[in-house]
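Based on the sequences and whatever the hints tell you, model everything.
The listed protein sequences correspond, in order, to chains A and B.
Note that the working numbering has the first sequence beginning at 1, numbered continuously upward.
Note that the working numbering has the second sequence beginning at 237, numbered continuously upward.
Just so you know, the hints here were simulated from the structure itself, not pulled from any lab data.
Where hints are given, some of them may not hold.
[What the hints assert, rightly or not] The calculated SDA-like cross-link candidates involving lysine to any residue, where the alpha carbons are at most 20 Å apart (straight line), are: (1) A/Lys145 x B/Glu248; (2) A/Lys227 x A/Thr79; (3) A/Lys10 x A/Ala33; (4) B/Lys318 x B/Ala391; (5) A/Lys227 x A/Ser53; (6) A/Lys227 x A/Phe34; (7) A/Lys145 x B/Pro246; (8) A/Lys10 x A/Thr79; (9) A/Lys145 x B/Leu452; (10) A/Lys145 x B/Gly323; (11) A/Lys145 x B/Arg448; (12) A/Lys145 x A/Arg166; (13) A/Lys145 x B/Val449; (14) A/Lys145 x B/Lys318; (15) A/Lys227 x A/Asp16.
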Amino acid sequence: MRTDLFDGEKPVVRFDQVGVRYGAGPEVLRDIAFSLEPGSFHFLTGESGAGKSTLMRLIHLSLRPTRGLVHLFGRDTATLPRDRVPDLRRRIGVVYQDFRLLDHLTAVDNVALPLRVAGARGPDVRNHVSELLRWVGLGERLAAKPPTLSGGEQQRVAIARAVINRPDLLLADEPTGNVDDNIGVRLIHLFEELNRMGTTVVIATHNFGLVDRFRYPRLDLEDGALKLIRTPSPPC
Amino acid sequence: MLIRRQTDIPFEQDPAGRLLPWIVAIMIYLSGVAIAGAIALNGAVSTWSSGLSGTLTIQIPAGTAFPKAQQHADAVLALLRKTPGIGEARRLPRAEVLRLVRPWLGDEGKGDGGKGNGGKGGDADAGGLPLPILIDVRTAAGADIDSAALAARVARAAPGAVTENHARWAGRLIGLARSIWLVALIVVALIGLATVITVVFATRTGLRIHRRVIGLLHLIGAHDRYIARQFERQALWLSLQGAVVGVALAVGTVFGVVHLAGEAELQPADAAIFTPAQWAIFACLPGVAALVALLTARITVLRTLRRMT
Chain A
1 MRTDLFDGEK PVVRFDQVGV RYGAGPEVLR DIAFSLEPGS FHFLTGESGA GKSTLMRLIH
61 LSLRPTRGLV HLFGRDTATL PRDRVPDLRR RIGVVYQDFR LLDHLTAVDN VALPLRVAGA
121 RGPDVRNHVS ELLRWVGLGE RLAAKPPTLS GGEQQRVAIA RAVINRPDLL LADEPTGNVD
181 DNIGVRLIHL FEELNRMGTT VVIATHNFGL VDRFRYPRLD LEDGALKLIR TPSPPC
Chain B
237 MLIRRQTDIP FEQDPAGRLL PWIVAIMIYL SGVAIAGAIA LNGAVSTWSS GLSGTLTIQI
297 PAGTAFPKAQ QHADAVLALL RKTPGIGEAR RLPRAEVLRL VRPWLGDEGK GDGGKGNGGK
357 GGDADAGGLP LPILIDVRTA AGADIDSAAL AARVARAAPG AVTENHARWA GRLIGLARSI
417 WLVALIVVAL IGLATVITVV FATRTGLRIH RRVIGLLHLI GAHDRYIARQ FERQALWLSL
477 QGAVVGVALA VGTVFGVVHL AGEAELQPAD AAIFTPAQWA IFACLPGVAA LVALLTARIT
537 VLRTLRRMT
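See the structure below:
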């Protein structure tokens, strides 16, 4: 269900000369300037500690820049009232590197969480969630709780939770880190399917095999600076 | 059903939440006992007050030192019958006067009454002590008697006579009862305040313990109200459980005290303890406690979350 998605044709994300430092330390990100157009698909690459997670947190409004401007869905996040932040976050699906599942909830309840938070209730929610979990290969683990799931299974639950409400923007931090290549490819296909329906996708990854295989543009972080690397031709 | 109606926040891991029902039970028990005491006192004062208001007692000294006591009593009765606003005036029979002084004198005056006064009741000796003549006066309904003026006229008709206005005593009793009622209200208010502080503490503890889950809910797009609702429901449920136990214990205590009072013949065995309206106060206590807990949790969560981010 997509509503008033892109506020015209404004970029989904736009950074203007953004810098971030933690405390009195050096800038971990500096002069970051880029924009993500609606419906685009990007890999975010860089060595460990290059600032990929920090960049993701800035986009997800869980971190404020030390300087510069971050625009999200055409809105300046610096002037965004606190009570409007949740509405923007509901338009973003995030797959965290550490999954961040709730251990006391079943796989179904974890995946249904964004829908519940948005006020959705009833059997349709259950069916929708169960269907998605079957699609990611967890049809037999619907009632399992995260501590009883393997790392790969937890990752797929986290991915299902991020995409369950068909977000306008999907941020995935190492989403294929704990799964084998076949599942990894399958998950990227899931993201591509969402992308075809209009979701803007950013995947932070170390897996250059996948990056080479899918040939989407790369946002590469090096020494706190960002550069865009375009590939000759995206896959069909 | 796979999706159960459960909280996103794992409150069962929360030690403060486990204690809350017990604390609320104790608070509500104390409130219930305080309210019961205040209601009982109010009822007793109403009874005394209605028994004493509109009554006067005139005491005319008798015995060998007052040979004209009989004439004085007749004069006072005649005066009272002519006084507007007096509904009834009657001289108490000797037996009744003896009954009144029996707690102090025992049965000593029973056998020798009338020896020194020609057998006329009321002014007889009791164990050698002269008994006064007592006149019980009841004012007419709605009449406003100037008791000081009446006492002066009685004193002129019967020198040495004393007029006791019971309304004065009733007024003091009512004043005392109101003070105790006020103290009971303050006690209930303080218990309510203590309950609020307890809920605030338990809620803040819960917010600290579940900080990670709350952070995740925020990242998923939960408004503060969504998180506050979960704490509200938890506080409501825990307080309701505690309050029901507290009220049950308070009502049990009331019945126990009433039973003991009945055994001590302080009140008739078949007397109603409270009116239906007064029982309704007890019935409302759990609901009030739960509502207070709900609102306290809501305000605490909303204020704390606003400060956290």
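Here is what the structure says about each hint:
| no. | hint | in the structure |
| --- | --- | --- |
| 1 | A/Lys145 x B/Glu248 | 16 Å, holds |
| 2 | A/Lys227 x A/Thr79 | 27 Å, violated |
| 3 | A/Lys10 x A/Ala33 | 15 Å, holds |
| 4 | B/Lys318 x B/Ala391 | 16 Å, holds |
| 5 | A/Lys227 x A/Ser53 | 16 Å, holds |
| 6 | A/Lys227 x A/Phe34 | 9 Å, holds |
| 7 | A/Lys145 x B/Pro246 | 13 Å, holds |
| 8 | A/Lys10 x A/Thr79 | 18 Å, holds |
| 9 | A/Lys145 x B/Leu452 | 17 Å, holds |
| 10 | A/Lys145 x B/Gly323 | 85 Å, violated |
| 11 | A/Lys145 x B/Arg448 | 18 Å, holds |
| 12 | A/Lys145 x A/Arg166 | 24 Å, violated |
| 13 | A/Lys145 x B/Val449 | 15 Å, holds |
| 14 | A/Lys145 x B/Lys318 | 95 Å, violated |
| 15 | A/Lys227 x A/Asp16 | 14 Å, holds |
When each numbered hint is compared with the structure, violations occur for hints 2, 10, 12, 14.
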